[in-house]
Each structure stands twice: as structure tokens, then as C-alpha cells.
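There are 2 protein chains.
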Amino acid sequence: MASSLTAAYPWTTSPLISCAPMRLIANASLATAVSIAGGLGFIGAGSDISTLSSELSKSRDILNKAKVSTNTGVLPVGVGFLIWGAPLADTLAILSKPENIPAAVWLFAPRHPNQLKDWADGVRKASSNKTKIWIQVTSVREALEATKFASPDVLVVQGTDAGGHGAAQGAGIISLVPETIDAVTDYCNSSSSTPLPFFVAAGGISEGRGAAAAICLGAQGICLGTRYLAANEATIASGYRDAVLRASDGGSTTIRSSVYDQLRGTTEWPTGYGGRGVLNASYRDHEAGLSFEDNKKLYDEAVASGDKGWEGDKARLTTYAGTGIGLVKSVMSAEAITREVRNDASKILSGAPVSRL
Amino acid sequence: MASSLTAAYPWTTSPLISCAPMRLIANASLATAVSIAGGLGFIGAGSDISTLSSELSKSRDILNKAKVSTNTGVLPVGVGFLIWGAPLADTLAILSKPENIPAAVWLFAPRHPNQLKDWADGVRKASSNKTKIWIQVTSVREALEATKFASPDVLVVQGTDAGGHGAAQGAGIISLVPETIDAVTDYCNSSSSTPLPFFVAAGGISEGRGAAAAICLGAQGICLGTRYLAANEATIASGYRDAVLRASDGGSTTIRSSVYDQLRGTTEWPTGYGGRGVLNASYRDHEAGLSFEDNKKLYDEAVASGDKGWEGDKARLTTYAGTGIGLVKSVMSAEAITREVRNDASKILSGAPVSRL
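Top line first, the protein sequences correspond to chains A and B. Going by my numbering, the first sequence wraps up at 357, each residue one higher than the last. Going by my numbering, the second sequence wraps up at 357, each residue one higher than the last.
Chain A extracted, bound-state conformation:
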């Protein structure tokens, strides 16, 4: 195992900034832009690999043009999978092609921890150990389980402030990251066969202050999702993006729920997960007792109305985003976001700005 997180991804600069593998949103253009800026971008395959080959091919073209050097014979991007649904054998057939081997895969939401082992073993074998295994966990218990079953290279420790899917009930990274690191470190110290993974913090981090905080909590890297919704390179409807830019006070204006998935027809998630999104009329009506059928009808009408479905008090369309939504103020390039977060975090960690202590 490398002595530092960035050493395993030689084009990256410390502290490592990654973009979450947001399904439908984090495609080749976003993921490669993050890597070009010295981070590690993840393509969000989710449970559906129908466009994976073409997104990897697009990534290859962009990265070749940008001359991102890896030394290691991997494509300098990662791919994220929801392993409750993604087909392992077909995925390995794609990822094992020499031109496709990604720097990392990001595994989330198994139906059983055995799936983590199957995927980690499969990817390691298919890539001759070139592809690093990142596993997203939402609790100390899951972190220990993932470590025991799959010995990941990286644990992504996701707090409940995160947008999109996470534990229906959970802690923020302020307590979750240090407790997870302690528990996993204790386990690895007592196990002769399990090296200590690196830790990446996710959930509620929108800019340099949160990133610096995550490093103080003990993480070696940082993952941002919500902030990249406002990247030029995100694949996102303008109504969705505008709703993100308008929102503030994310603790009050976002909520974790399963109702948004239900309305979108995404019903295959294992139990115990929920998606955090902007609290809108769909949620309010659900809470007020509107039947699913009537709510779904209104939702489908909103879908048909396009970007207007995200506007005003009657906005109904799903707007997955984290509590850090109020810190997202403008659309920027993913490269600029990545560099800004990294540079601001480094400045804070070097002690500059704490002036009124």
C-alpha cells in the first residue's frame, strides 16, 4: 500500500479532491475535468452500465488530449457502481479491457457485504491489481464490515449531510469520520492480513473550509457532490442547477426521504437508505397525506413541464443535494472548483486565516 493517498494517483495533488459518482450527472466531461485539475473524478455508472463503454471512451479522448500522465497504465478516472443492481460479470468485461482499466472503482450499497468481496476480488483480478477499490460507507459498522470483507484501498466515509443517497439515519462527518478511523485502525492493527485503508470524507463539504475540516478529522481526501452540480461539465437540467443555486440554509431546505425515489420510480434500493434533496411540494404533499397515485400524477405533470418543474413554491421535481447547498453560489468549471477547494483547504491548514481566534 502506498504511503500517501495521492501517491497512488500520480497526477493528483494533495489533499486529494474527488467528485462523487453521481448517477446521470457525473459523466466523462465532469469526471475528466476533476482529474485534469489534479483530483480524481468518478463517472457515476450507478446500477446501469449501458453507457459505460462510451463514457470511458470519451474520457480516454479527453484525457489523451489533456496529456494527463499516470505512469501506471490506468485511465486516470474512477467509476462508481451501486452494487445492489450493477451486473458484475458484464461490468468486469468492460473494465478489464486494457484501454478501459480505471484508476479506481467506487462501490456502494451492497445487498449483502459478500457482494463487496465479490466486486473487490473481481476488479482486482480483472485489472491485475491496477484498479484501486474505494468503498462508500455510512456508519462505523459498515466501515468495519467493508474492511473485513473486501480490504478496500479507500473508505469513503459519508455523513448524513450528503446529497442524494445515504443512510436513512446517520451522523455528520464531524463525529463519523474520527470514530470510523479509530475503529478501522484498531481492527487493522489487530489483523495481520488487512492493511489500513485511506479515508475520504464526504457529506456537506462544499468548499475549502469544509475540506480543511475533513482533513483535521483525520481524512486524507475529500469528496464533493453538491458543489459539482454547479460545474459547467455536469450533465444536469438547467432547472435543477438553478434550484441548487437559489437554495440556502440547507438544514432547513433539504430533507432525506424515500419519497423522491418513489416518485421517480427508483424502487430497487435496499432498505435503510434515503435520498437527501431540496424539500419541495412533492415532499410536503406526501407528508400532508396525499396519496402516492395523486402525488405521482402531479410529479409526472411537472416532468412534462421541463425546467418549470423546479420553479417556485410548486416545484415538485427531485433535486438531490446536500446541506452544503447554500454554499454553492455560482456556476464554475469543474477544474476551477477543484483547484479552489484544494487551494483554500491548504491555506486554512497552513494556518493563515484564523485571524480572530
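Keep in mind the hints are simulated off the structure, nothing from the lab. Keep in mind it's a predicted model, so treat the numbers as computed, not measured. The C-beta atom is built at its ideal place from N, Cα and C for all residues, glycine as well. One should not assume that every hint holds.
As the list claims (entries may be wrong) - Computed cross-link-like contacts, BS3-like style, restricted to lysine-lysine with a CA-CA straight-line distance of at most 25 Å: (1) B/Lys329 with A/Lys148; (2) B/Lys347 with A/Lys329; (3) A/Lys117 with A/Lys130; (4) B/Lys97 with B/Lys125; (5) B/Lys297 with B/Lys314; (6) B/Lys148 with A/Lys347; (7) A/Lys297 with A/Lys329; (8) A/Lys314 with A/Lys329.
Unchecked claim - Short derived list, chain B residues pointing at chain A, Cβ under 7 Å: (9) Ser139; (10) Val140; (11) Leu176; (12) Pro178; (13) Leu217; (14) Asp249; (15) Gly251; (16) Ser252.
Claimed, not checked - Footprint (simulated), chain A over chain B, 3 or more residues, beta carbon under 8 Å: (17) 81-91; (18) 156-168; (19) 200-213.
Following the hints, position chain B against chain A.
For chain B alone, coordinates are given in the frame of chain A:
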């Protein structure tokens, strides 16, 4: 306004560590121990001032003996009030006695923001501006409201990881603290009459890593509650304390709810608040549909059983604690806790321990 937070409390050392004014638990012995260690301890008066005079008198005795110097003619502890219930005039009659004037009051949970103004004005007048006004807020909106109505010296920004009472729905400090600081700073910059308050972060911070993270987020001070439940000086049943020491993985094992208040008969809180506590049989039975009457009967039986009411799978007694509960591992003196958190935070902020970045 002072140029630094600690300058206003001359016996304190930076970064300022405070203990939350936990009702029934944070009495003279805990509050003074925190101040003696160079922090700022708060007595938790809550909504009931019947023991306030005697707790202040005890505090005076302890602090005189310890020779904590203030220069400023105040008692070097604070007092916390739930202002939806505490009686203002009677409180001021106690706090205005020259020997009682506290270094700070901590105001939380008004029924209307006007109450914040009434309390802030009253305390400032009664103490000839010697007592600093700390106001606890749980959202950006509340922070702006408190700033406009009462121009606090300190805003305590409480994230949803906190134990005990807070917003029923909210964000962790990872996003809440920086967004609140930005919004309040913008407001104060545009207002000629409102000086910028200092910011203290609360919620999920149990030790040095969380404290250092809070400083990176922009806070000047840190407040801990759950960690001090395991202080020798806390007024707490041994069953409660043991339950805190046993618990881990607080995102999964604690929950914010109003059911614990209902069972204890604490029913006067304004709407919009809930208390985070260890998830136990009272909560599970409530969720499973047990009637309040039957649940209350079981609760009262548990109360009668004493410390056993906190034990095992059938534990029913309210155990308010935050998601940082898994980082609380042993009983220590409040002085040792205060010094450890401050020293560890300082070490992390000086760049020492981030070795594997």
C-alpha cells in the same frame, strides 16, 4: 467588541472550550471545573431558576478557592436559559446582584425572536454591560434573526449531531457553520449598528479532531456537551453515564425525536425542536405503534427501577447524547477533558499529525 473571543474572558486560553448548559447536569461543579481549566463553563438553569442562586453561590466558593482571576468583576462562569420558559424579571433580580454577575448568559429557544431582544437588553442593563450575550441558533435563518433582534456577542451555531435539544430538522456543523458565518458577516457589513459576533460551534464535537475541524470551519470557539456527560463533575445518574460510555456508532444508535420529552413530561418546548438521545425501547415501541399511555407506564416503571432503566435491550430511560457518543470512552475530570480537547485541537491546527496525507 473585543478583537478575539478569549480576550473577553481573560482567564481563558485559545481556542475557547465551553461546556453546554445541560439542564440538571451542568451545575456549579462542572461549570467551574471547565472555567478553572481555562475554558468557559455554563450552568444549565434551563427554564427553572429555583436553584440558580445556590448554584451561583457554590460556583463563587469554588472559583474563589481556585483563585480564577477575571479582572472584569464578573463571576467566570456562564448560565444558560431556555427563554420559552425561564422568568425574565426574576432571573434579572438574581443575575444583577454584584456577587452573581456571570461572564455570559446563553439564550436558547425563544417563542418569538422579540424575547431574545428582551433578554439581551435586560441582562446588559442589569450587569452594566458586563455579562456577554451568547445565543444558540440551529439554522442560518435563526442566526440572522438573533443578530438583528439582539446583536449577540456570540452565536453558538448548533448542528444536528448535538445531543439533547436542537432543531427537529437541521444540518451538521460541516455546512451550517461556514454558511452561517458568511450570512451573518454579510448582514453585519451592511448594517452600521450591528457588530460582528463571535462564533462557537456545537454539535458532534467530542475531542480534539472535531474541535480543530470547527476552527477550520471558521468558528472561534467550541462547545461540548456529550463529552462532559462523562466528566466526574457532571450531575448524572451512573446508569445514564454508563449508557453513554457503552454506546458507539452514534449516527445509528442515537435519534432525534420528541418522544423522550413526552415520556418525561417535558411538554412545553416550542414546536420545531427535538431531543437527540440513545435509541432505546421507548423509541422503538413508539415507532411500532405502542400507545403513549402504555409507553409512559413502562417508562415510569423504568424510572422506578433506577440505574437498571438504562441497561440492556430493554433500556427505556431518556439518555440525551449526540452522535459523538462513540468517541466518549472513559470518565475523566472536566479539567482534564477541557485541557485535552484544547491541546489536541491546537496540535492538529499547528499541522503536526496529518502524516499520511
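Quick rundown of the hints versus the structure:
In summary, the hint linking B/Lys329 to A/Lys148 is supported, as the alpha carbons are separated by about 24 Å, within the 25 Å threshold. Annotation: proposed proximity of B/Lys347 to A/Lys329 is violated, straight-line Cα distance about 33 Å (limit 25 Å). With a CA separation close to 17 Å, the supplied pair A/Lys117 and A/Lys130 stays within the 25 Å bound. The hinted pair formed by B/Lys97 and B/Lys125 meets the criterion: a straight-line CA distance of about 12 Å does not exceed 25 Å.
For the suggested pair B/Lys297 and B/Lys314, the alpha carbons sit about 14 Å apart, so the restraint of at most 25 Å is met. For the proposed pair B/Lys148 and A/Lys347, the alpha carbon gap of about 32 Å is over 25 Å, so the pair is violated. A hinted pair counts as satisfied when its Cα atoms are at most 25 Å apart, and A/Lys297 with A/Lys329 does not qualify at roughly 32 Å. Between the alpha carbons of A/Lys314 and A/Lys329 the distance comes to roughly 22 Å, so the proposed pair stays at or under 25 Å and holds.
Given the 7 Å rule on beta carbons, the hint for B/Ser139 holds: about 5 Å separates it from the nearest Cβ of chain A. At about 4 Å, the closest approach between the beta carbon of B/Val140 and any beta carbon in chain A falls short of 7 Å, and the interface hint on this residue holds. Hint status for B/Leu176: holds, given a least beta-carbon distance of 6 Å to chain A, under 7 Å. Taking 7 Å as the C-beta contact cut-off toward chain A, the hint placing B/Pro178 at the interface holds, the least distance being around 5 Å.
The criterion of a C-beta within 7 Å of any C-beta in chain A is met by B/Leu217, whose closest approach is roughly 5 Å, and the hint holds. Of the supplied interface hints, the one on B/Asp249 holds, with its beta-carbon coming within about 4 Å of a beta-carbon of chain A, less than 7 Å. Restraint check, B/Gly251 versus chain A: the minimum CB separation of about 3 Å is within 7 Å; hint holds. At its closest, the beta carbon of B/Ser252 sits 5 Å from a beta carbon of chain A; the interface hint therefore holds under the 7 Å criterion.
As drawn, the region 81-91 of chain B meets chain A at 0 residues by the rule of a beta-carbon pair under 8 Å; below three, the given contact is violated. With 4 residues carrying a beta carbon less than 8 Å from a beta carbon of chain A, the region 156-168 of chain B meets the three-residue requirement, and the given coverage holds. Requiring three or more residues with a Cβ within less than 8 Å of a Cβ of chain A, the coverage given for the region 200-213 of chain B holds, as 9 such residues are present.
In terms of the numbered hints stated before, the structure departs from hints 2, 6, 7, 17, listed from lowest to highest.
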